[in-house]
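Letter by letter, the chains look like this.
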Amino acid sequence: MVDPNVLERHGLKPDEYDRIVQFLGREPNLTELGIFSVMWSEHCSYKSSRVHLKTLPTGGPQVLQGPGENAGAVDIGEGLAAVFKIESHNHPSFIEPYQGAATGVGGIIRDIFTMGARPIALLNSLRFGPLDAPGTPRLLEGVVAGIAGYGNSIGIPTVGGEIAFEPSYAGNPLVNVFCLGIAKASDIIKGVASGVGNAVYYVGAKTGRDGIHGATMASAEFDEQSAEKRPAVQVGDPFMEKLLLEACLEVMRTDTLVGIQDMGAAGLTCSTTEMGSRGGAGVEIDVSLVPQRETGMTPYEIMLSESQERMLLVVKRGREAEVERIFDKWDLHAVHIGSVTDDGLLRVKDRGAVVAEIPNRALTDQAPVYHRPMAPPEYLAEAQQLDLDTLPPPREVGRALSGPANDALMLLLGSPTIGSKRWVFRQYDHMVRTNTLNIPGLGAGVVRIKGTNRALALSVDGNGRYCYLDPYRGAMLAVAEASRNVACAGARPLGATNCLNFGNPERPAIMWQFARAVEGIGAACRALGVPITGGNVSLYNETDGRAIYPTPVIGVVGLLEHADRFVCRRVQGPGDVVILLGEGRGELGGTEYLKLAYDVVRGLPPALDLDAERALQALVVALADGRLIRSAHDCADGGIAVTLAECCFDTGGVGIEASIDQVTVGRDAGLNRAAALFGESASRVVVSVAPDRVDDVRSRAAASGVPARIIGRTGGTALRIEVDRKTAIDVSVEAAERVWSTAIDKHFVKRVA
Amino acid sequence: MKFAIVVFPGSNCDHDAYHAARDVLGQNADYVWHKDTDLKGADVVILPGGFAHGDYLRCGAMARFSPIMREVQAFAGRGGPVLGICNGFQVLLEAGLLPGAMLRNTSLKFQCEHVHIRVEQTDTPFTLACRRGQVLRIPIAHGEGNYFAEPEVIARLEANRQIVFRYTNAAGAVVDDANPNGSAAAIAGLCNETRNVVGLMPHPERACEPVLGSADGLLIFESAVAALKTGVLGGSTRSALEAVG
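As given, the protein sequences belong to chains R and P, one line each in that order. All residue numbers for the first sequence refer to the numbering used here, where the first residue is 1 and numbers rise by one. All residue numbers for the second sequence refer to the numbering used here, where the first residue is 1 and numbers rise by one.
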C-alpha cells in the first residue's frame with residue numbers, strides 16, 4: 001500500500017487511489033501516480049463542476065465547435081469562423097504576478113492557434129483587492145506588465161477588458177484572459193490522435209523542471225506557505241511562442257496534420273491522453289526523446305513538467321519531412337517522440353523500457369465525477385436584507401462641496417473600479433494588426449476582419465458582488481451585460497465563453513454558489529441566444545479559508561456585418577437627443593453606490609427580465625445597423641449618472657443636460673434621488689440620436705416593446721442631471737473627467753519625501 | 001513600384017506595413033524573409049515593428065546579423081530608400097545605419113497611444129509629401145523608444161538637418177508633456193547623412209485609414225511613392241529629390 005503522505009502530496013484521496021488500482025489491476029508506480037494525480041486534479045478533470053456544466057446550452061446553428069476542444073468556434077459568415085475562449089491564471093498570478101499573467105496569455109493564445117486560427121485580439125478580466133491596500137499596486141503592476149509583455153511581443157492587440165477592486169480578492173486576485181482568432185471554417189483543426197502508426201511530434205521549447213504539479217497547485221487553497229510554491233509557476237518566452245504560432249499556422253496550411261494540441265496544464269501528460277482519448281486511440285511516446293533543458297530528469301518530471309511554449313502534433317504518415325522542413329525554417333525542431341497505437345493506452349517509455357501504461361479513458365472520460373453536497377451559505381439570508389430606511393440620509397454621508405449627489409458622482413467616478421483604465425490599457429499594444437476600430441475604454445472591443453466588410457465585437461463582464469448576494473441572478477446579469485456591451489457596439493451576439501472563479505468546492509456553500517451561477521448562466525444564454533462554446537473553471541480561490549466572491553466571468557463575441565456601422569459610448573457632438581432605452585427602478589442592492597458611499601454590501605442585485613433584455617439588445621443592434629444612433633452606452637456600475645458622464649468623456653468636453661424620473665425606494669428624498677441616479681437596474685442603454693432620427697428610434701422601440709424616453713440633449717460643457725425637475729448634478733465635464741481619468745494613476749504617483 | 005517588407009521571426013507589424021502599402025496605397029509589396037539574401041527587386045525597403053529576435057538582449061541587437069541585413073546595407077549604400085519603423089528603427093541603430101541608441105521609456109512602461117509629431121525635414125523619401133512643420137497624429141507602441149545620443153552627435157544631427165520628426169503637442173510645440181518617452185531633443189525620427197535611410201518610433205502604418213483614428217501616416221508612404229516617381233532610383237536619392245525641387 002502506498003504511503004498516505006505520497007498520496008496527499010499528489011492531491012489524491014484514498015478512495016481515488018483505490019479507483020486507480022482498480023483501473024490498472026495493480027498498484028501504480030510513481031510515474032503513473034503522478035500522471036493520475038494531474039489528470040484527476042480539479043483543474044484537468046472538472047470533477048466537481050462537470051455535472052453542472054453539462055446543463056449549459058452549447059448548441060445553435062452558428063456553433064461550429066462547442067466545449068471539449070481547445071477552444072469554441074462560431075460561424076461568422078463568408079466561410080469564416082471566430083474561435084475564442086477564456087481561461088484563468090489566478091493561482092500562478094498570485095504567486096508570481098508577472099510570469100503568472102504572462103503565461104496565462106501564452107496559454108490562451110496557444111489554445112486558439114491550435115485550432116488553426118490566427119489570434120487577432122485579446123481581452124482580460126482582472127480582480128484585485130482595494131487599490132489603496134498595501135500590496136495591490138504591486139500586484140496590479142506585475143499582472144498588467146505580464147499581460148503586456150507577452151501579448152505585445154507576439155503582436156496580438158489587447159482590445160479591451162475589465163477590472164474591479166474588492167476586498168474579497170485581496171488574497172486571491174483573478175486573472176482571466178480571453179483570446180479570439182479567425183480561421184476558415186473548413187480549416188478548423190482538432191486535438192485528436194488517430195491512424196495507427198502516425199507519428200507523434202514534439203515541437204517548441206525544451207522541457208524543464210518548471211511548473212511540475214502546476215495543475216495540482218491550481219486545485220488547492222492558498223495559505224501562508226503558498227509563496228514557497230514558486231517553482232510551480234512557469235516562465236514564459238513570447239518569442240518562442242511567436243515562432244510556434246507562425247510555424248504551426250504554416251504547417252496547418254498544408255494537410256499534413258491529423259491533430260495538434262498545446263501542452264498546457266499537465267503538459268505532455270494531458271496532451272497525449274486527451275488527443276488519444278478524443279481519437280479513440282492510444283499514444284506511445286519515449287520520454288528519452290523529449291528535448292530537455294536540464295540533465296537527469298526522470299520520466300515522472302518529464303511527463304508532469306508544465307514548461308511553456310510546447311506543442312504536440314500527430315502527423316500523417318509519409319508527410320513527416322514536410323512538417324520538419326517548415327519548423328526548420330522557423331529555427332524550431334520538430335522531434336518524433338512516438339506514434340499512435342490502436343490499444344487505447346498511454347504508454348510511456350524511457351529508452352525503450354515501459355515506465356507507465358494507463359488506459360487513456362481512465363485518465364479522461366472515466367476520471368472521477370463528484371456530486372458534491374450543496375447548501376446555501378450562512379451569510380446569504382442576512383446579506384440579502386436591505387432596509388434603506390435604516391441608512392442615514394445621503395447628505396450626512398458626503399463631504400459635499402456642491403451637493404451630495406455631485407459629491408457621490410465624483411466618488412464613483414474616482415473609484416478605480418469605475419474610473420478610467422487608461423493607465424492599464426496604454427501598456428497594452430491595442431492597435432497592432434491595424435484592425436482595432438474601438439479602442440479599450442470606449443465599450444466593447446471592435447476588430448474588423450480584413451478582406452471582408454465585417455467586424456467582431458467582444459466583451460468580458462462579471463460582477464462578483466452581485467453573485468455574492470445572489471449567484472443565480474448575478475450570473476444572469478454577467479451574461480446580460482457582456483451581451484449588452486456587444487450589442488451596444490452594434491454587433492449581434494453569437495456565442496459566449498465562461499470562466500468560473502469560485503472557492504473550495506468541497507464546502508457545500510461554495511458548491512451551491514457554483515451550481516446556482518451555472519443555472520443562471522444557462523438561463524440567460526438560452527434566453528439571449530448565446531450558447532457557451534467553451535471555457536474554464538477555477539476553483540479553490542481561497543486564502544486561509546476565506547473564499548473570493550463567486551465570480552463567473554462571461555466573454556461574448558458578436559458580429560457586425562458592416563464594420564462601419566459600429567458605435568461607441570462617446571456622444572458625437574452637441575445638439576443630439578439623448579434617449580434612455582429601458583427603465584430605471586432605483587435598485588440599490590449590491591451597487592457601487594452603496595458600497596462606496598455607505599460601505600454596505602447588501603440587498604438583492606438588480607432584477608433581470610430576460611425577455612426585456614433580449615428585446616432591448618435586438619433593438620440596439622437594429623438601430624445601429626440602420627445608422628439611427630450616434631452612440632450607445634449601457635447602464636451598469638454607478639447607474640445612469642455614471643453612464644451619462646462616461647458618454648461625455650473622451651469627447652473633448654461635450655456636455656449633456658438630462659432629466660430623469662424620481663423613484664421611491666424609502667422615506668428619505670435624498671436617498672430616493674440617489675436611487676434614481678446611481679441605482680443599477682439592468683436592461684438599460686443610453687443612446688444619442690440626431691434630432692431628425694428621434695421619431696424613427698421611438699417608433700422602432702415601441703414596435704419592439706422597449707420603453708424609450710427622451711431624457712436630454714448633448715451640448716454645453718457641463719453634465720447636468722435633474723431628478724424630478726430639480727437639479728441633482730451639475731459638474732463641468734472637464735472636472736468630472738479629471739477625477740475619472742486619474743482614478744488609477746493617482747495610486748501610482750511617486751511620493752517625493 | 002514595389003515595397004519589400006523584411007520579416008524577422010519576431011516581426012509583428014509586417015502584415016500592417018504590407019496592408020498599408022498594398023491594400024491602402026495600391027502599390028506592389030512583398031515580404032522578404034530575414035534569411036533571404038535578395039530584396040526581390042524592391043524600390044523601397046521597410047523594416048517593420050515587432051521584436052525581431054525576441055529582443056531579450058537589446059532591441060534589434062541580433063537582427064543586424066540576419067543575412068538580409070547585408071542586402072539592406074548595400075541597398076541603402078546605393079541610395080535606396082529604407083524606412084525603419086519602431087523595432088525597425090532600433091534595428092537601423094544597431095546596424096549602424098543611423099546614429100544613437102534607444103533606452104527604456106522614462107515611464108519604465110510600454111506605452112501605446114496616439115501622439116503628435118512634427119515634420120522637421122521634407123527632403124527625405126519618406127517626408128516629401130509633407131509640409132515642413134506639419135503636425136501628424138500617429139500612434140506609438142514601444143517600451144524602449146527613449147532616443148539617446150551624445151550631445152555632440154545631437155549637435156551634428158541638428159547641423160545636418162537629420163532630425164526628421166519631433167514629438168510635439170497638437171499645436172506643434174516641443175514641450176516636455178508631449179515627449180512620451182524622454183527622447184533627447186524630442187527626437188521621434190531621424191535620417192542618415194545621405195537622407196535615404198529614415199527611422200522613426202511612431203507607427204505610420206497604423207494611421208493610414210480614417211477608421212483607425214487617423215490617416216496622417218499615409219503621407220509617409222505616399223512620400224515614398226512620390227520620391228520614386230521622380231524616376232531616379234538606385235542612384236542618389238538626394239539628386240532625385242533635388243530634381244523634384
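Keep in mind that the hints were calculated from the coordinates and are not lab data. The reader is advised that the hints may include incorrect statements.
As the list claims (entries may be wrong) - List time: in silico DSS-like cross-link candidates among lysine-lysine, alpha-carbon distance up to 25 Å:
id	chain 1	residue 1	chain 2	residue 2
1	R	206	P	35
2	R	329	P	109
3	R	47	R	206
4	R	329	P	40
5	R	746	P	109
This structure is a prediction, so every number in the text was calculated from the model and none was measured.
When the hints from earlier in the document are held up against this structure, which numbers fail?
2 and 3
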